[in-house]
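Throw the hints in and build the complete structure from the sequences for me.
There are 2 protein chains.
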Amino acid sequence: MNGAETLVHTLAEGGIEICFGNPGTSEMHFVAALDREPRLRGVLCLQEGVVAGAADGYARMAGKPAATLLHLGPGFANAVSFLHNARKAGQGIVNIVGDHAISHAQYRQAPLTSDILGICAPVSDWLHRSASPLDVATDGARALQAARAGQIATLVLPADCAWDAALAPAKPLPDIAPKIADAATIARIADALKSGKRSALLLRGRCLEREGVEIAGRIARATGARLFHDYFTPRITRGAGLPRVGRMPYFAEEILEFLGGLEQIVLVGAPPPVSFFAYPGLPGWMTPAGCELLTLAAPGDDTVGALAALAGALHAQTTGETVTRIIPDAPPDVPLTADAMGAIMARLLPANAILSDDSLTTGPGLQKYLADAPAHDAVFLTGGAIGDATPMAVGAAIACPDRKVIAVSGDGAAMYSLPALWTMAREKLDVLVIVCANRSYNILNIELARVGAEAGPKTLAMLDLGNPELDFVKLAQGLGVPATSATTSTDFAAQFADAMQTKGPRLIEAVIRV
Amino acid sequence: MNGAETLVHTLAEGGIEICFGNPGTSEMHFVAALDREPRLRGVLCLQEGVVAGAADGYARMAGKPAATLLHLGPGFANAVSFLHNARKAGQGIVNIVGDHAISHAQYRQAPLTSDILGICAPVSDWLHRSASPLDVATDGARALQAARAGQIATLVLPADCAWDAALAPAKPLPDIAPKIADAATIARIADALKSGKRSALLLRGRCLEREGVEIAGRIARATGARLFHDYFTPRITRGAGLPRVGRMPYFAEEILEFLGGLEQIVLVGAPPPVSFFAYPGLPGWMTPAGCELLTLAAPGDDTVGALAALAGALHAQTTGETVTRIIPDAPPDVPLTADAMGAIMARLLPANAILSDDSLTTGPGLQKYLADAPAHDAVFLTGGAIGDATPMAVGAAIACPDRKVIAVSGDGAAMYSLPALWTMAREKLDVLVIVCANRSYNILNIELARVGAEAGPKTLAMLDLGNPELDFVKLAQGLGVPATSATTSTDFAAQFADAMQTKGPRLIEAVIRV
Numbered sequence: 014m015n016g017a018e019t020l021v022h023t024l025a026e027g028g029i030e031i032c033f034g035n036p037g038t039s040e041m042h043f044v045a046a047l048d049r050e051p052r053l054r055g056v057l058c059l060q061e062g063v064v065a066g067a068a069d070g071y072a073r074m075a076g077k078p079a080a081t082l083l084h085l086g087p088g089f090a091n092a093v094s095f096l097h098n099a100r101k102a103g104q105g106i107v108n109i110v111g112d113h114a115i116s117h118a119q120y121r122q123a124p125l126t127s128d129i130l131g132i133c134a135p136v137s138d139w140l141h142r143s144a145s146p147l148d149v150a151t152d153g154a155r156a157l158q159a160a161r162a163g164q165i166a167t168l169v170l171p172a173d174c175a176w177d178a179a180l181a182p183a184k185p186l187p188d189i190a191p192k193i194a195d196a197a198t199i200a201r202i203a204d205a206l207k208s209g210k211r212s213a214l215l216l217r218g219r220c221l222e223r224e225g226v227e228i229a230g231r232i233a234r235a236t237g238a239r240l241f242h243d244y245f246t247p248r249i250t251r252g253a254g255l256p257r258v259g260r261m262p263y264f265a266e267e268i269l270e271f272l273g274g275l276e277q278i279v280l281v282g283a284p285p286p287v288s289f290f291a292y293p294g295l296p297g298w299m300t301p302a303g304c305e306l307l308t309l310a311a312p313g314d315d316t317v318g319a320l321a322a323l324a325g326a327l328h329a330q331t332t333g334e335t336v337t338r339i340i341p342d343a344p345p346d347v348p349l350t351a352d353a354m355g356a357i358m359a360r361l362l363p364a365n366a367i368l369s370d371d372s373l374t375t376g377p378g379l380q381k382y383l384a385d386a387p388a389h390d391a392v393f394l395t396g397g398a399i400g401d402a403t404p405m406a407v408g409a410a411i412a413c414p415d416r417k418v419i420a421v422s423g424d425g426a427a428m429y430s431l432p433a434l435w436t437m438a439r440e441k442l443d444v445l446v447i448v449c450a451n452r453s454y455n456i457l458n459i460e461l462a463r464v465g466a467e468a469g470p471k472t473l474a475m476l477d478l479g480n481p482e483l484d485f486v487k488l489a490q491g492l493g494v495p496a497t498s499a500t501t502s503t504d505f506a507a508q509f510a511d512a513m514q515t516k517g518p519r520l521i522e523a524v525i526r527v
Numbered sequence: 014m015n016g017a018e019t020l021v022h023t024l025a026e027g028g029i030e031i032c033f034g035n036p037g038t039s040e041m042h043f044v045a046a047l048d049r050e051p052r053l054r055g056v057l058c059l060q061e062g063v064v065a066g067a068a069d070g071y072a073r074m075a076g077k078p079a080a081t082l083l084h085l086g087p088g089f090a091n092a093v094s095f096l097h098n099a100r101k102a103g104q105g106i107v108n109i110v111g112d113h114a115i116s117h118a119q120y121r122q123a124p125l126t127s128d129i130l131g132i133c134a135p136v137s138d139w140l141h142r143s144a145s146p147l148d149v150a151t152d153g154a155r156a157l158q159a160a161r162a163g164q165i166a167t168l169v170l171p172a173d174c175a176w177d178a179a180l181a182p183a184k185p186l187p188d189i190a191p192k193i194a195d196a197a198t199i200a201r202i203a204d205a206l207k208s209g210k211r212s213a214l215l216l217r218g219r220c221l222e223r224e225g226v227e228i229a230g231r232i233a234r235a236t237g238a239r240l241f242h243d244y245f246t247p248r249i250t251r252g253a254g255l256p257r258v259g260r261m262p263y264f265a266e267e268i269l270e271f272l273g274g275l276e277q278i279v280l281v282g283a284p285p286p287v288s289f290f291a292y293p294g295l296p297g298w299m300t301p302a303g304c305e306l307l308t309l310a311a312p313g314d315d316t317v318g319a320l321a322a323l324a325g326a327l328h329a330q331t332t333g334e335t336v337t338r339i340i341p342d343a344p345p346d347v348p349l350t351a352d353a354m355g356a357i358m359a360r361l362l363p364a365n366a367i368l369s370d371d372s373l374t375t376g377p378g379l380q381k382y383l384a385d386a387p388a389h390d391a392v393f394l395t396g397g398a399i400g401d402a403t404p405m406a407v408g409a410a411i412a413c414p415d416r417k418v419i420a421v422s423g424d425g426a427a428m429y430s431l432p433a434l435w436t437m438a439r440e441k442l443d444v445l446v447i448v449c450a451n452r453s454y455n456i457l458n459i460e461l462a463r464v465g466a467e468a469g470p471k472t473l474a475m476l477d478l479g480n481p482e483l484d485f486v487k488l489a490q491g492l493g494v495p496a497t498s499a500t501t502s503t504d505f506a507a508q509f510a511d512a513m514q515t516k517g518p519r520l521i522e523a524v525i526r527v
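As they're listed, the protein sequences go chains L and C.
Just so we're on the same page, the working numbering is the position in the first sequence counted from 1, plus 13.
Just so we're on the same page, the working numbering is the position in the second sequence counted from 1, plus 13.
Take these hints with a grain of salt, some might be off.
It does not matter which identical chain is used: a pair holds within one copy or between any two.
[Claimed, not checked] In the DSBU-like style, the derived pairs of lysine-lysine whose C-alpha atoms are separated by at most 30 Å in a straight line are: (1) Lys77 <-> Lys471; (2) Lys471 <-> Lys516; (3) Lys487 <-> Lys441; (4) Lys471 <-> Lys417; (5) Lys184 <-> Lys471; (6) Lys441 <-> Lys516; (7) Lys207 <-> Lys516; (8) Lys487 <-> Lys417; (9) Lys441 <-> Lys471; (10) Lys516 <-> Lys77; (11) Lys192 <-> Lys210; (12) Lys516 <-> Lys487; (13) Lys77 <-> Lys417; (14) Lys417 <-> Lys441.
Simulated from the structure, these hints should not be mistaken for lab results.
In structure tokens form, the structure reads like this:
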């Protein structure tokens, strides 16, 4: 058994089922070892951004990490932006990064020699380079332990440590139990919520899945506290039958209004709210003056357990008000708008769907309808590196093969990760991709004025995606995914309805000109 | 004048004409400043890999740096792999990386807050974050000085340093003169070359452009030394009328044979040769035992000046033998092969073309014909991060608008940088892209056996690009570039001839099944 084989068996024994990868020569022994481990499935992606985004989406929906396989420093570098998103989302991933054989890494002039640890470090919570084939299995077990605790764990695997003889796989290490609030904290926050002050719970992490949302609903019912989540939250289970958790707005002045009047905010797995960007003359810190921040659970803590303990202390046993499904009217036959799309999607969304959304200017129009749709999971762009809606949909569909996945991306964002479509076709994933084609980086047209930049024609040209127009139907077909274009609400309704009735990958180019 | 305006004017005053960019909110003031600086042209790319590859290709052909504009840590991260290639090629680039306003960077929970200096450092020779709008112009002048000396210079520009008031642009700093070999070194190497030992010159850098190659030819003629260059050399001017500079092979055992028998190698801007990867049982160090290495010029030194001094010391005034153009026979009508492609391209290549090649398994078939084609420049994949042939072609075409540019990429490689095609269409660049579609990561099929990995069906599936087949005609059309597919030598000859006769972007999918 060589080093690579001990690693692959160790990962499988620890519960890793999927390895998203884009291998090269230095990873050939790891790839070959997959042939001798039936519990571990390799999923080929044609660019490392897709690898990382898919691992992120998988972790969000599977509740456990996948592995990735990346090719030296440059291969890892291509994954960094979506690993950044995953890290902001608190999702664990085991990155296996092939490196030159130890004897070869001394040659700085070899094309692929790089400061590989330097490239990996800024987005890795756990980072190690194996020094011997005999260490690879235990290194892998340590990486997996870190990833199962929600960390980005990166193991650099020199080619000779993969190909040289090793002993045996390593036993999985025990899971690290997340921290949970102590009784004094629970009592203090319970008292605070009974004080009559205007209160809210800001939720993030596992507590935004069904169990946590239902407990939070009981707390809201018992105390009158509002529930809300970050604009870009890693995952939320929401919709009909679940307590409503409001979405904090995107723009700073809207957040200030949304939070205005609150006297205390209980943080449940969430950091204090700040704005996405700074703007001249506006604060970045969004907590209203005089509003107290109380931490029930820090990011990474046991948020569901803490909510359950808090509900117990409050004797909050009554189910709160839940969302009633609203079936919007079918829009008239009009040129397509975000609102029309949202209404149509909310009418037709199947129960238990998964929505992956990184659309910046179309998204708000959709979301206001979808919050009242049948219960579903939504995953959002947590780290600001646009284009991860489609890779995350790949991972979500592999984690949940029986659920319909819908990815919604802007045209600018979709161009970051086109190769994700090919993996959808190859793996026959049940994903509908909707590209909201407004032919511009429209968010920047809005932001230009907000930051006070004086735009002339050269500026506006740098935000324009219409010269030439991207044809997402051809792009999808070129990657093996059937596709259609919709320019009216009637087109879109028919195409969306058809996509909901059929299985397999599909793309709709939603042309939005208004 | 705000900080961004002082920076843009400083860069333009220092000779920067092009800024390849993919901006976001934090870069809006820099973009707006372009409207007030007619000497600086913004070129929009839809992914940061294209930005970096284009800046690399521009520098190789313009002989001076371009600027890039990147969006915080994740935007820079997407550029890292092709910046790695550029750095290996010794090409200077000025990266401007927008960052949060200084007051906002303290908020680690903001989605786009990252360890931005940590992300930039591994591929930056020069790295600085501006601390005040008053410093931005002088920081920019320092970055430009570093880039003009062949360095990757990265200036992190906080949004408030861009939008706040500043004073004036900064004057360009003087160029740093490259080192040149001293008289004793010249004399020692001249003596060595007259010793009668079997000798070769390994050339890299500016000395592989016309002037240097011609001087090297005189030295070869006077001393009997062979001339050769790295397999992946940044740029070489070659072909009919120029002295022949041999290309070192790719695989280790072929390199050993190629260098076998040499008693001394003079390094001219090149590091000692090593293999691309390590292989079990093969050395990575490629200099034959007992062969002496003599350094005439280190990487980054004045290679042309050193060669001229050496030629003077050797009284090497006679032009050496030059390449005679060979017009290969037109291949018969056969299913397309790399050899047929190479013969056709060598028959029809216009004078003074630029070839950008990152094809790994098709490339050698082409190159053996193209070395005897009309004189042209070739640029190669220097850092092993595949997919830069098309972005480099963007940069080369912008640097040299009157020359035909031909990019040759494998299908696996081309998938890394599809958005480059859109910039070609938008800027109406005179580029023919040839995608060598063998429907696999074919280099890995070869490498599997060479590294001794035992491949089963799961392994082979991870190297297969045929399920589903990529349709590069549709992909190109989707990005605004006219395209055709060629499966026979006759198809390819007709399509290539047509492309050479017409201006503007064009793609040929060269389907190679053998």
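Against the structure, the hints:
no., hint, in the structure
1, Lys77 <-> Lys471, "between (47 Å within a copy, 23 Å between copies)"
2, Lys471 <-> Lys516, "between (44 Å within a copy, 25 Å between copies)"
3, Lys487 <-> Lys441, "both (19 Å within a copy, 20 Å between copies)"
4, Lys471 <-> Lys417, "between (42 Å within a copy, 27 Å between copies)"
5, Lys184 <-> Lys471, "between (59 Å within a copy, 25 Å between copies)"
6, Lys441 <-> Lys516, "within (9 Å within a copy, 40 Å between copies)"
7, Lys207 <-> Lys516, "neither (49 Å within a copy, 75 Å between copies)"
8, Lys487 <-> Lys417, "both (23 Å within a copy, 27 Å between copies)"
9, Lys441 <-> Lys471, "between (43 Å within a copy, 17 Å between copies)"
10, Lys516 <-> Lys77, "within (25 Å within a copy, 53 Å between copies)"
11, Lys192 <-> Lys210, "within (28 Å within a copy, 72 Å between copies)"
12, Lys516 <-> Lys487, "both (20 Å within a copy, 24 Å between copies)"
13, Lys77 <-> Lys417, "within (20 Å within a copy, 51 Å between copies)"
14, Lys417 <-> Lys441, "within (12 Å within a copy, 41 Å between copies)"
Hint compliance for this structure: hint 7 is the single one not met.
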